[in-house]
Amino acid sequence: MLSYIFRRVLQSVLVLLVVGLVAFAMFRFVGDPIDNMLGQERTMEDVERLREQLGLDQPFAVQYWRFLEGAVQGNFGISYRQGRPVAEIIAERLPATLELAAVSGFFALVVGIGLGVFTAIRRDGFASNAIMTLSLIGVSLPTFLIGILLIYLFSVELGWLPSFGRGEVVQLGGWSTGFLTQSGLLALILPSITLGLYQMTLIMRLVRSEMLEVLRQDYIRFARARGLKEKAVNFRHALKNTLVPVITVTGLQLGSIIAFAIITETVFQWPGVGLLFINAIQFVDIPVMAAYLMLISVMFVAINLAVDLLYVAIDPRLRSEGGTS
Amino acid sequence: MTDTPVETPAEAPKGRIARAWDSDLAYSFRRSPVAMVSLAVTFVLIFCAVFAPLIAPYDPFNPATLNLLNGFTAPGEANAFTGESFMLGTDDQGRDVFSTILYGLRISLFVGFSAVLFAMTLGITLGLVAGYVGGWVETIIMRIADVQLTFPSILVAMLIFGIAKGITPIEYRDQVAIWVLILAIGLSDWVQFARVVRGATLVEKSKEYVQAARLIGRSTPAIMFRHILPNVLSPVLVIATISLALAIIAEATLSFLGVGAPPTQPSLGTLIRIGQGFLFSGEWWILFFPAVTLLMLALAVNLLGDWLRDALNPRLR
Numbered sequence: 020m021l022s023y024i025f026r027r028v029l030q031s032v033l034v035l036l037v038v039g040l041v042a043f044a045m046f047r048f049v050g051d052p053i054d055n056m057l058g059q060e061r062t063m064e065d066v067e068r069l070r071e072q073l074g075l076d077q078p079f080a081v082q083y084w085r086f087l088e089g090a091v092q093g094n095f096g097i098s099y100r101q102g103r104p105v106a107e108i109i110a111e112r113l114p115a116t117l118e119l120a121a122v123s124g125f126f127a128l129v130v131g132i133g134l135g136v137f138t139a140i141r142r143d144g145f146a147s148n149a150i151m152t153l154s155l156i157g158v159s160l161p162t163f164l165i166g167i168l169l170i171y172l173f174s175v176e177l178g179w180l181p182s183f184g185r186g187e188v189v190q191l192g193g194w195s196t197g198f199l200t201q202s203g204l205l206a207l208i209l210p211s212i213t214l215g216l217y218q219m220t221l222i223m224r225l226v227r228s229e230m231l232e233v234l235r236q237d238y239i240r241f242a243r244a245r246g247l248k249e250k251a252v253n254f255r256h257a258l259k260n261t262l263v264p265v266i267t268v269t270g271l272q273l274g275s276i277i278a279f280a281i282i283t284e285t286v287f288q289w290p291g292v293g294l295l296f297i298n299a300i301q302f303v304d305i306p307v308m309a310a311y312l313m314l315i316s317v318m319f320v321a322i323n324l325a326v327d328l329l330y331v332a333i334d335p336r337l338r339s340e341g342g343t344s
Numbered sequence: 005m006t007d008t009p010v011e012t013p014a015e016a017p018k019g020r021i022a023r024a025w026d027s028d029l030a031y032s033f034r035r036s037p038v039a040m041v042s043l044a045v046t047f048v049l050i051f052c053a054v055f056a057p058l059i060a061p062y063d064p065f066n067p068a069t070l071n072l073l074n075g076f077t078a079p080g081e082a083n084a085f086t087g088e089s090f091m092l093g094t095d096d097q098g099r100d101v102f103s104t105i106l107y108g109l110r111i112s113l114f115v116g117f118s119a120v121l122f123a124m125t126l127g128i129t130l131g132l133v134a135g136y137v138g139g140w141v142e143t144i145i146m147r148i149a150d151v152q153l154t155f156p157s158i159l160v161a162m163l164i165f166g167i168a169k170g171i172t173p174i175e176y177r178d179q180v181a182i183w184v185l186i187l188a189i190g191l192s193d194w195v196q197f198a199r200v201v202r203g204a205t206l207v208e209k210s211k212e213y214v215q216a217a218r219l220i221g222r223s224t225p226a227i228m229f230r231h232i233l234p235n236v237l238s239p240v241l242v243i244a245t246i247s248l249a250l251a252i253i254a255e256a257t258l259s260f261l262g263v264g265a266p267p268t269q270p271s272l273g274t275l276i277r278i279g280q281g282f283l284f285s286g287e288w289w290i291l292f293f294p295a296v297t298l299l300m301l302a303l304a305v306n307l308l309g310d311w312l313r314d315a316l317n318p319r320l321r
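Just so you know, the sequences run in chain order F and C. Here the first sequence stands for residues 20 to 344, numbered as in the numbering used here. Here the second sequence stands for residues 5 to 321, numbered as in the numbering used here.
Okay, chain F solo, but in the shape it has when bound (with noise of 0.2 Å):
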C-alpha cells in the first residue's frame, strides 16, 4: 500500500519534471528570448547584460533549475505581447475558467445521472430510445459547432441569453465572479452546457449501463419482493451502487473540462485562460503558452493522482494487491 503511493507519488513528479523541461525547452529556443524583448534599436552591451540578467549564459541544467525555481514560485517571467507579468495574466482569467468548469461540471453530473437512471428504468420506452439516439449524435457533433447552435438559437433567433462575454462580475478579493449578478448568471448558461454536454453524455451512458447491470442482481429481487417502492429500489439501493465508477469518471473527466474549455472560451468569448491560451498561440506568446502548460499539467497530475488514490482507499481489493506487487 504505501509503496503503491511512493511509486505513484514519484511517477507523478517525474510527469512535471518532463512537462516542466517541454515547457523550459519553448522557452530557450523558440524563436530568441533577447529578440523578443528588446526592440530593433539595441547595443550590443544591451545584449550582453539582458543575457547575463536573464541567466542566459549559464548552463543548460543551471537555467532549467533555475526555470524549475521559478515555475514553482509562479513565476513564468513576462508575456512578449502584454508586457505583464504571466502569472499576474493567469490569476486575473483563472475565476473565469473555474467558475465555468464548476457549473459544468454540476450540469453534466445532474443531468447525466438524471438521464441516466431514467433511461435505465424505461429502457425499452420511445423516451429513452430517442436520449440514446440523440446522444450518438451529441457525441459526433464537434463541441463548437454545438456552441454556435446555441447561439444561434437562444441569442439570435429568440434573444434570451447573451451570446458572448461573462456579463457583469462581482470583484471579492483577487476573485471575480459572476455568480452575484443576474446578466452574470444568464451568460453562464450556455457555455456551460456546451462544455458539459460530452460529459453529460459519457456519464449518461455509464450511469445507465451500471444501472441495468445492478438491477438485475439478487438483492434489488429482494429488495422489490419485500415489497419495497420503486423509487426507493431504484435510488436508494441501485443507483447507490453505480456511483463509485462515476465519481471516477468525473474526477478524470475534470481535467478534460478545464481542456476544452478553450474551445468553450473561444466561442463564446468568455475571459478566462483558455481563450488566453489560444491568443497566446496566435501570436506565438511563448510564456504565457508555457505558463498555461504548467498549470494545466498540474492540475491533470494531480486529479489522476488523487482518483488513483481515492480508488485504493475505497476499494479493499486493489490495497492487496498493490501492498504485493
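Please keep in mind that the hints were generated in silico from the structure rather than gathered at the bench. There is no bait here: all hints are sound.
These stretches of chain C come out as covered by chain F in the derived footprint (C-beta under 8 Å, 3 or more residues):
#1 153 to 159
#2 162 to 169
#3 247 to 258
#4 261 to 274
#5 277 to 291
#6 295 to 304
The model shown is predicted, which means the values in this text are computed figures rather than measured ones. For glycine and all other residues, C-beta sits at the position ideal for the given N, C-alpha and C.
Assemble the complex: chain F is given as a structure, and chain C must be docked to it using the hints.
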C-alpha cells in the same frame, strides 16, 4: 468436354470478389443499413473533394472570376445587382459557397487522411519496436505514451502547432500551416496505435512462425514488418477509421479556433470560423452549409468506425 474449375460447385476456388462478398465482414455490411448509408456518404464526399476543380462551378481562389457585387447573395435567389444566382449563396466577397465548400472539403479530408496515415506509421513502428525489442527501448516508448495520454490530444495538437509556428519564420507560416497541422494532429494521435500494436506484438512474438523465421535467419526488421505486422493489422484498421473521424473534427476545431488552416487555404473549420462572423447579421448560409458538410462527414466516418469495430469483434458475433 473439358472441366473448368468454375463449373465444379463445391471445391471451386472462387474469384476474389466472390470470396469478399461471402466474407463475414461483407455479410455484416449487407445487414447494416447504417453502414451502407455511411459508406455511401463518405464516398460521395471523397469524390466531391477529389474532383472539386471539375465539379465546382467557380474557382473561389481565382480573383479574376470574383465579383464583389455578388457578395451576400442568398441561396437560390438572384443577386440584386448582377442578377446571377448561386445554389448555396455567396459569402462577403462574392465567392460561391458551394465551391468553397468543395475546396474546403478537399483540405479537411487531405489533412485528416494524412494525419491518420502519419499517426499510424509512427504508432505501428514504435509499437512493433516496443513489443518485439522490449527492454529499455520499450520502457522509454511506453512511458512517453503514458505521459502523452494524460493530456487530451486536442491540447497536444494545439501545443505542437504553437511551437511549430514559433519555429517557422513569419513569411512561411501560411504556406506550411497545412503541413504543421498534419504533423500536430498526427503526433497527438499515435499513442492508440502504438499501444494496440505493442499488445498484439507481445502475443505474436512467442508464436512458432516467428521462431521459425528467426531460425532461418531473417533480420529483425524483416520479422517485424513482414511477418508480425500483417497479423496485428486488423485492430489497427478499426482504430484508423475512428481516428479519421477524430482527426477531421480536430482539424476543424483547430481551424475554427484560428490555429489551423489559414484563410488563404480554408478548410471546413476555417469556413465555419468565417461564417460565424455573419451569424448576427442574418447571412446564415455562409455558416450553415459548411457546418452541415462537416457534420455529415464526421457522422458518416464515425458510424462507419463503430460498425467496423462491432463487425470485427469476434465476441459480438
